[in-house]
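Student: The residues making up each chain are set out below.
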Amino acid sequence: MAQIELEGIERIFRLGDSEVHALNDVSLRIEAGEYVAVMGPSGSGKSTLLNLLGLLDRPNSGHYRLEGRDVTTLSADEQAAVRSARIGFVFQSFHLVPRLTAAENVALPLMLAGVPAAERGVRVERALKDFGLESRAHHRPDELSGGQRQRVAIARATIMRPAMLLADEPTGNLDRATGQEVTALLEALNAAGTTLIVVTHDPAMGARARRRLLMEDGAIRQDVRNTPAAAPNPP
Amino acid sequence: MSPADTLRFATRAALGYPQRTALMMLAMSIGVAAVVMLTALGDGARRFVVEEFSALGANLLIVLPGRTGTGGVNPGSFVSSTPRDLTTDDAAALLRVPQVKRVAPLAMGSAEISFGGRLREVMVLGTSADYVDIRGFGVARGQFLPREDFRRASAVAVIGETIRAELFGNQNAIGRMIRLGDRRLRVIGAMGPAGRGLGMNSDELVLVPVATAQAMFDTNSLFRIMIETRDRESLLPAQREVEKLLGARRQGELDFTVITQDAVLGTFDRILGALTLGVAGIAAISLAVAGILVMNVMLVAVTQRTGEIGLLKALGASRRAIRFAFLAEAALLSLAGALAGFILGHAGAWAIRLAFPALPAWPPDWAVSAALGTALATGLLFGVMPARRAAALDPVQALTKR
Ligand SMILES: Nc1ncnc2c1ncn2[C@@H]1O[C@H](COP(=O)(O)OP(=O)(O)OP(=O)(O)O)[C@@H](O)[C@H]1O
Ligand SMILES: [Mg+2]
Numbered sequence: 001m002a003q004i005e006l007e008g009i010e011r012i013f014r015l016g017d018s019e020v021h022a023l024n025d026v027s028l029r030i031e032a033g034e035y036v037a038v039m040g041p042s043g044s045g046k047s048t049l050l051n052l053l054g055l056l057d058r059p060n061s062g063h064y065r066l067e068g069r070d071v072t073t074l075s076a077d078e079q080a081a082v083r084s085a086r087i088g089f090v091f092q093s094f095h096l097v098p099r100l101t102a103a104e105n106v107a108l109p110l111m112l113a114g115v116p117a118a119e120r121g122v123r124v125e126r127a128l129k130d131f132g133l134e135s136r137a138h139h140r141p142d143e144l145s146g147g148q149r150q151r152v153a154i155a156r157a158t159i160m161r162p163a164m165l166l167a168d169e170p171t172g173n174l175d176r177a178t179g180q181e182v183t184a185l186l187e188a189l190n191a192a193g194t195t196l197i198v199v200t201h202d203p204a205m206g207a208r209a210r211r212r213l214l215m216e217d218g219a220i221r222q223d224v225r226n227t228p229a230a231a232p233n234p235p
Numbered sequence: 001m002s003p004a005d006t007l008r009f010a011t012r013a014a015l016g017y018p019q020r021t022a023l024m025m026l027a028m029s030i031g032v033a034a035v036v037m038l039t040a041l042g043d044g045a046r047r048f049v050v051e052e053f054s055a056l057g058a059n060l061l062i063v064l065p066g067r068t069g070t071g072g073v074n075p076g077s078f079v080s081s082t083p084r085d086l087t088t089d090d091a092a093a094l095l096r097v098p099q100v101k102r103v104a105p106l107a108m109g110s111a112e113i114s115f116g117g118r119l120r121e122v123m124v125l126g127t128s129a130d131y132v133d134i135r136g137f138g139v140a141r142g143q144f145l146p147r148e149d150f151r152r153a154s155a156v157a158v159i160g161e162t163i164r165a166e167l168f169g170n171q172n173a174i175g176r177m178i179r180l181g182d183r184r185l186r187v188i189g190a191m192g193p194a195g196r197g198l199g200m201n202s203d204e205l206v207l208v209p210v211a212t213a214q215a216m217f218d219t220n221s222l223f224r225i226m227i228e229t230r231d232r233e234s235l236l237p238a239q240r241e242v243e244k245l246l247g248a249r250r251q252g253e254l255d256f257t258v259i260t261q262d263a264v265l266g267t268f269d270r271i272l273g274a275l276t277l278g279v280a281g282i283a284a285i286s287l288a289v290a291g292i293l294v295m296n297v298m299l300v301a302v303t304q305r306t307g308e309i310g311l312l313k314a315l316g317a318s319r320r321a322i323r324f325a326f327l328a329e330a331a332l333l334s335l336a337g338a339l340a341g342f343i344l345g346h347a348g349a350w351a352i353r354l355a356f357p358a359l360p361a362w363p364p365d366w367a368v369s370a371a372l373g374t375a376l377a378t379g380l381l382f383g384v385m386p387a388r389r390a391a392a393l394d395p396v397q398a399l400t401k402r
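So the protein lines, in turn, are chains X and G.
Under our numbering, the first residue of the first sequence is numbered 1, with each subsequent residue one higher.
Under our numbering, the first residue of the second sequence is numbered 1, with each subsequent residue one higher.
Any given hint could be a false lead.
[Claimed, not checked] Derived list of chain G stretches under chain X, where covered just means 3 residues or more per stretch with a C-beta under 8 angstroms from a C-beta of chain X: (1) 262-271; (2) 300-311; (3) 316-329.
What the hints contain is simulated information worked out from the structure, not anything from laboratory work.
Small disclaimer: the values here were computed from a predicted structure and weren't measured.
Glycine included, every Cβ here is placed at the ideal spot set by N, Cα and C.
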């Protein structure tokens, strides 16, 4: 049993009379611990696919089995519970809550899951330390650099120890050096066992992934696995 | 999400937008302050009147000339005109009713009083010896009117404190002759400083025997008759007996009214209570307006924080958690506003008491709890719709919206 199994997924957006086939008969299996880069031209359905994988969106038809369980038929709140326990998100625009400090932003998933405040404090402190943010714990997002913001977002995405991490262009708003730092962080998390699925326009990053999905017009055109030997060494 | 966390999250959100929060608190606090202050004013007036009446004494019957409507007593009873006379003979006859302890006939008018070249206009109250006990007034010097036949027009007077001070200053007033209207009267007593009494402050009164007053004003009629019964239990039997006796004395024509002090009190209490309630209702409209403002502000908050709501959903927040977070925020804003209004209203009531010391302008407890309750309820009620809207947001669209 693969961790993720998609079968004949269709996602159609209706805008007035016209229909957009954002995903067209997508079938896909991803094993636990994989490192997958999703690439392709703009509008090819990458974000739509990621949203479906993250249970933020529902397909019009097809089946999605997550860890053997059909999750397409779950209620909204049941899906929320799955997201809380199994899935971490990293966004291009960070999506930090502006009025909360870095520590409070990282604590959000724990708070939503009802983890008691005392335990939260310990876990958040450790997470901030792991991501080199201990001196920034009490700063608000507008007092942080782009790279620091994305590290806060990654700390938040991983605080619940999710089985999979979904990142939509996580380096899109960062300069090259900072982007590489963030990529390295995500790869380290993957190395520790978390499934990592990254949407990216950056060919270098795509090349580092062990598996590349090339999308076009809502379908997966290529599914390439790099052999570890073929993977270029990090600079 | 635990209730404590929901509350903390909502507090942070409320504090995160201080201007908006301050504005909403202002609207809500004006509503609550209006309710608190206006009911304090209304209830103060009610208490003032009730206390004034209570000062009259407890076992009191009042006979008024003229018939009032079938609906019982109304405040008009006190200003009704005189269709047929009540006389001192009526008053004397009432003394025969077994439950009656004291009777004081009242005749009123105004006249000029003069002593030693000093002149002024005064209210003259013609009555009898029992009046002072019925009203519970105190005589400071000398004595009150003598106990004598109601028809006897003795040339004596008892003067109020203010009159005494104005006419006599530090001199002894007792035994002096004054001129009142066209009569010369001997001052036999002076009242103590003001006994409180509705519309009749003894300070500015000159009291004379009822027949003296009637002769002075050239009338046979009485303004009213006050009756004190032996005890509270005999109040209603006495009322029936008095009605029967007076009716018999005028061939069964009931063109007079006998009221109990309780009835008068009850009526004023009801009328002023209703007034207070009405005023509170009007003030409560401003609470409803504040509630609509809460809704509006919360809807704007939901729109402003769409991205945040999408994020919370992505992080695993249930619809319930989001609904509660926004509801708690609305409730907090309302509650904070209500508390501010509560303090503001009490300060206002305090200012009223300072400006009008006679008015016991304390907001009634029911009004305070009703205002706070309504504020919280409107906040919650009008917060429901925005909260539901937030909970129903599609996470993908919420996340992609900039
Ligand atoms: N909510 C929506 N309503 C209508 N059409 C949509 C919606 N979301 C996506 N689409 C359409 O679906 C298609 C796929 O969109 P998607 O966002 O997945 O592309 P993408 O590969 O992520 O592109 P980009 O690289 O620009 O982010 C596009 O044609 C887009 O216009
Ligand atoms: Mg995209």
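Student: Against this structure, judge whether each hint is valid.
Tutor: So, going through the hints one by one against the coordinates:
no., hint, verdict
1, 262-271, "violated (count 0)"
2, 300-311, "holds (count 4)"
3, 316-329, "holds (count 6)"
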